[in-house]
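Asker: Reconstruct the complex from the two isolated chains, following the hints.
Each chain is listed here by its residues.
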Amino acid sequence: MRRNKTYSYIYLILWVIPLMFFIKDFFHLEEIKSLSFYENFELFKISLTQGGLSVIFSTIIAIIPAYYMSYKKNTLTKILEGLIFIPFFFPTISTVVAFTLIFNLPILKNFSVLYTLKAIILANVFYNSPIMIKYLSEGMRNIPKNIVEAAKIDGLNEVNIFFKIKIPLMFPQVFRGMFLVFIYTFASFGIVLALGGIRYSNLEVEIANTLLKDANFSKALVLGTVQFLFLITLNLLGDLYPPYEIRDDFSERKVSTLPTLWTTIYLLLECSVVLIGIFYGFYNYYTGSFSLKGFYKLFSSDLNTYYPVLQGIRNSLLLASITPIFVIVFTYLLLKNFTKVTSAIVFSTMGFSSAFLGIALIYINILYDIKLWILLVIGYFLVTVPIAYSFMYQYVREFPRDILDLGKLDALSPFKTFLLIECPILKKVFLGTYLQIFAIILGEFTISYSMQLGRDFPTIALVNYSLFSDKKLLEGAALSSINIIIVVVLFYLSNKITEKE
Amino acid sequence: MKKTVLTGLFLMSLISFGEEIVVYGPESMKWIESSAGVIFKEKTGTTIKYVPIDGVIPRMKLEKKNPKADIIVGLTDINYLEAKKEMLIKNYKPTTAGNIAKEEFIIDKEWSVTPIDYGMLALNYNYEKTGSDLKTFEDLKKYPKELLVQDPRSFTGEAFMLWTIGVYGENWLKFWESLKPSILTVSSGWSDSFAKFSVGEGAIMSGYASSSIYFYQDGNENKYKSYIPEEGGYVYLEGAALVNKKNIKKSAKEFLNFVLEPEFQKLALEKNYMFPVINYKLPEDYKYVPTTDKIVKLDAEYVNKNMENWKKQLIEVLKK
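So the protein sequences, as listed, match chains A and B. Every letter in the first sequence is one number past the one before it in the numbering used here, and letter 99, counting from 1, is 99. Every letter in the second sequence is one number past the one before it in the numbering used here, and letter 267, counting from 1, is 267.
Note that these hints are calculated values from the structure, not bench results. A couple of the hints might just be wrong.
[Claimed, not checked] Beyond 12 Å from chain A on every Cβ pair, some chain B residues (computed):
| no. | residue |
| --- | --- |
| 1 | THR95 |
| 2 | GLU104 |
| 3 | ASN126 |
| 4 | GLN217 |
[Unchecked claim] If you want a taste of the chain B side facing chain A, the calculated C-beta under 10 Å gives, among others:
| no. | residue |
| --- | --- |
| 5 | PRO52 |
| 6 | LYS65 |
| 7 | SER154 |
| 8 | THR185 |
All C-beta atoms, glycine included, are put in the ideal place defined by N, C-alpha and C.
The following block holds chain B by itself, in its conformation from the complex (with noise of 0.2 Å):
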């Protein structure tokens, strides 16, 4: 008798409270547990809970005996391939696939990492500090002590030294040699920079072109400014995986599937700022956000390849 009841308990509270999966990435996705977590719990009765990690990928090195997240988010079509290789991923082609609007916003042909968004590379400016508009990554060397960059071990560090990559190729060194007297200090990441950006600190930063929907919407958009060089932009995707472990949840697929439906990428669009992976209507602040169609571009097998060794080098430069 004792243990039907106990039974009926555990059944009645999987009901009552459904489940609960363990989505790890990075601390400016926190909207995935607050916005799309509402939604989904709708959809599903599962509850998302958003654990915010620096540096996701050492984290799922650190757990891979007894991985704790269901899904990761925020893995680039670059560093996802790293995942893949040390095998802290599952393949999972969710059934939403097709709503996918453009074959090149597909990450792996294998399905290992669902797309989530993209965004385009950008230099943010203060206007009022510089006082002329900005268009070449040469124009950075005019205004020494004013360049704000990150850690090329932190995630927009590490697209913005490919960025320079790709523009300079072999030269890329040099360029950073050249950019340092401009260079104010490398903080450990994008908003710790932005931080610093914002109160005044730095005049120039390294970030993202959809940064200008934010000054917009703050009515800063005369002060505060993006700029693609015209050297080319750099485009990165990011995307969403299952976690390699033992007992795969339902719902953690059910989330992957989730993510390519019109109301995450409407949530991607207005908390991430980036642009949707699936056919849907921009807002309209999205005209200030600057374009190009000069796009450098890197093999991902190839940037895999060299990656660390770029991180030595350009580190070893920055600390000179």
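Next comes chain A alone, as it looks inside the complex (with noise of 0.2 Å):
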């Protein structure tokens, strides 16, 4: 079949033209040139030392769920297998909120967590652990037994088996985990920006201080160029280990007491931030009791003169309904028409910076008066694409050879070969993917964030983040509630939908 690489390129192109109009108004070499290498690389030191330490944590405590996972089927593993619901879906603003409350138990208070390297960190941890225990429980799953039998045959001991064979079959997978849990907290912005302050401040943050606070656009733009061109170099390498392609049949075995004990404990752990997040919006804070009292005061006209919450719930359902069926007909082409620059392409624009990408929006808002809306559409579908690809990849690309030759002996031409013979089977694929784009748009924050559409065009993070700014605790809480609320079930619709293809 004939590749077009058009795709691919549309899709960066894309990416280039917003920032083209704003490097073009506002780099000058003259403010680079005064740049402390210092202070940048310290910066940078920080990110990294975020992102890597999130990566070892986060790896080490999803060894043992990770290993009960690929050798058991029940209740525990199911709940596990949906925990991967937090790191793409969770919203942000909902995750700080239930750390805050977390560290500030009296229990918890003394330690001083709050404000440190261990917040963000146990954050992160939190957030991106189910990455890692489903990258590494794929690895062990993958591991043929036949292999680790020759091994044996060849008088191995567990040791050296798991040293010298498991390990090199798991990495490949397990990179692929530890490269997506480094970008998601090396470019970090929500959990920095609340639970770290600016003695912790990443790139990502600073990048947005520089926009919004400095106007140092320059700076902003090195410090973007430096987080993308890091992030792309780990990408690309990341393709020097490709995944195996063996795959074993799963087989139970018998797993003791203590992995799990450990697995019990992490799973409760996970589920209570989440709970945590659902409860305190039916919590009154000030009369420690039961209430719906912030519910109502949401939906008050009162409320609403001053903080659009109506609005934006309504804004951000348009956008998260919109945007889905962009990104899911463009990935389709972009899977459809494969080539070697493809996956490069769409999995190094996720290094780039959001709220960099939230100011090169707002500033064609500036320039040529286009809706907000449609740029927020834009914004969303550029950031969604590499997600929406990861999940169609395996159902699009591997759609059975065999079906779609039946196609072209009848002469359908590409258009009804999709209508009649590949969309009645992937759309449950499709609508899967819809959802889960749906939830991630909803939850979204740094990009509106940084654009300030917070009076022109609110969305629920925005409104959201706005109550917690002004103490209004009752009604912030309820509102994280009910957009927890919605991405869970919309997570557990897209799970079902999905789990017959």
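Answerer: Here's what the structure looks like:
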């Protein structure tokens, strides 16, 4: 089949255009010359430390649950699998609120965790360890039994088998997981901003501050470029370790009490953060009792005069409904026209600063008065294509060739092939991806925050942030609860829909 | 015929809906649309659209080619110089300038900015947590990990930094270094600090003297208090300015006239918890606001020249 590189390049161009206008008008070489290497290197070091430590601890925490998951199939493993919704869909604002509450509990307050590196790493581990569990368990499951048996016959003991056989076989898969965790934590925004404070500002937070508070656009551009180049290099390194295509059948094994206990505790801790986020909305912080007051107030016209909650919900739902359609259609075309450069282009953009993208988009609005919702759709489109790409990759790329060939025999056009053959089979995948992108957009914060759309086009995340900033704790917690419940339901539905595929 | 009807409809729409002016400013001044906007509309027929912006000068720099705002509010007697230097604002002397009570309230003699109100910085503290009253800057050092300060790139953070420079002169950075063990966290801005302070995360925060009115209105005057250190107080003025753009709306100038009228000044008192720049009787609860006669002052030009470097130095200390 003839492959068309155009779609990959269109995606790249869509990224470059908004940035181009901004760079053209605000990049000044003389400003770059005055930048302090030491100061920026320190920022890079902080990002690196946060990313590195988060990867290490997420991996360590995940090893035992992953081990459990690769050899067991029960309710516990089902819930473990479900945790993957946290890194992708759990709203940052909700995480921040839950951890602020946890670190302020009397039992933990004496440890002074809040506003330290520990707070950032703990939140990052909560957020990202499910990614490591997924990749580690897949890696463990895919180690073919016959290779291990052959090693045993060759006289290798368990330790040698682990280091010489299992680890090298698992490494490509685990590397992908580590890479994802590293990207998310290296360029983390909301968590660092709220739980760390100025001392732990990483590159992404500094980019936003430089853009919004210092107006030093050239410096922000340099920081954005450093972040982008570093992550793209790392991504390309990942291609040196392609995953093994060998798959082995699942075989259940006996798992001892200790790993089961560790896995249960881990699960309880992860779920408790999510549950705190949900139940906090039903709790009156001031009276210490169960209450629905936050919800009543949230939808009152009085509150809505100052905090556009209803408008925020309406706008977020609008954006979350429209954008996934473009994302799915485009990602499908990307995958159908997959070439060597596709993955490199798609994943390289994951390292780009969302705060910078937000500013570049608002600059287009300033110059050409393009509607804000259109720009937001473009922004969300750009950041969610890599995620849709990961979800849809396996289904679209590995679609049974023999079925497609039957379509060719009937001289069906590509569009008719899609409509009559692929679409009926893949519709659940599309629907699942749609719901997942929908959930991500509902919780998105960085782009809309850096565009400062609170007045002109408020979104749920922005209104929620505004409520918490103005210490409207009951209303903020209620809105956060609603957001989490929607996200959990969407994730559940999407999983139900796709699990049969 | 068609043209006449369309022109008629267009004119009618102008008459019935009036003009709209866009005002950019800090989140804390949203009342300009919801409260002052109602009075302004009655007076002039013009609607005010208030857009809260975090960092109004950077945003104006971004919009220099095609400014969307007509007015910016929240400029201070210090940072207006940057806006002026960058030619982001335009001179206009309001017709109501004569209402200003004291000469010292006039921020710029060329009227690039119109004063709105003034206030004093203070340290707010939770008496139930500190257990005793605080009196000096040095007292802050007695409470490890209890002080909430703001990023010097934010408005209050910048003002607090200038206050310490005014008090400690060349030794200001040494003071900050010795203050570090007391700092719980550096928040992104005042709202963030105040939220943390209100939920009991820190016992002391750098903020405003007039927050005492808020504590009093909430019935918390015995729990939360404010003090101005004996070393001296810091007064700052807030102002509004016309955005420098091709077509300056008549109603934008009318807004600046309105700012110095008693109705607007009353709202600045009630909603902004600040002091008026015209002669206006203060409400009873203003007696709870601490004041001092010992004020530290810094030359605006000198500050503007060194501001960027000072912020850099302080951030470096705070990050260590």
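Asker: How about SER154(B): closest beta carbon in chain A under 10 Å, or not?
Answerer: Holds, because the Cβ-Cβ distance from SER154(B) to chain A comes to roughly 7 Å (cut-off 10 Å).
Asker: Is it the case that GLN217(B) keeps its Cβ farther than 12 Å from each residue Cβ in chain A?
Answerer: holds (15 Å)
Asker: Decide, holds or violated, for the assertion that all CB atoms of chain A are farther than 12 Å from the CB of ASN126(B).
Answerer: holds (14 Å)
Asker: Min Cβ distance, LYS65(B) to chain A: is it shorter than 10 Å?
Answerer: It holds, given that the least Cβ distance between LYS65(B) and chain A is near 7 Å, below 10 Å.
Asker: Beyond 12 Å on every Cβ pair: is that true for GLU104(B) relative to chain A?
Answerer: holds (29 Å)
Asker: Checking the smallest CB distance to chain A, is THR95(B) really beyond 12 Å?
Answerer: holds (29 Å)
Asker: Against chain A, run the beta carbon of PRO52(B) and see if the smallest gap drops under 10 Å.
Answerer: holds (6 Å)
Asker: Hint check: is the beta carbon of THR185(B) less than 10 Å from a beta carbon of chain A?
Answerer: holds (4 Å)
In this structure, every one of the numbered hints holds.
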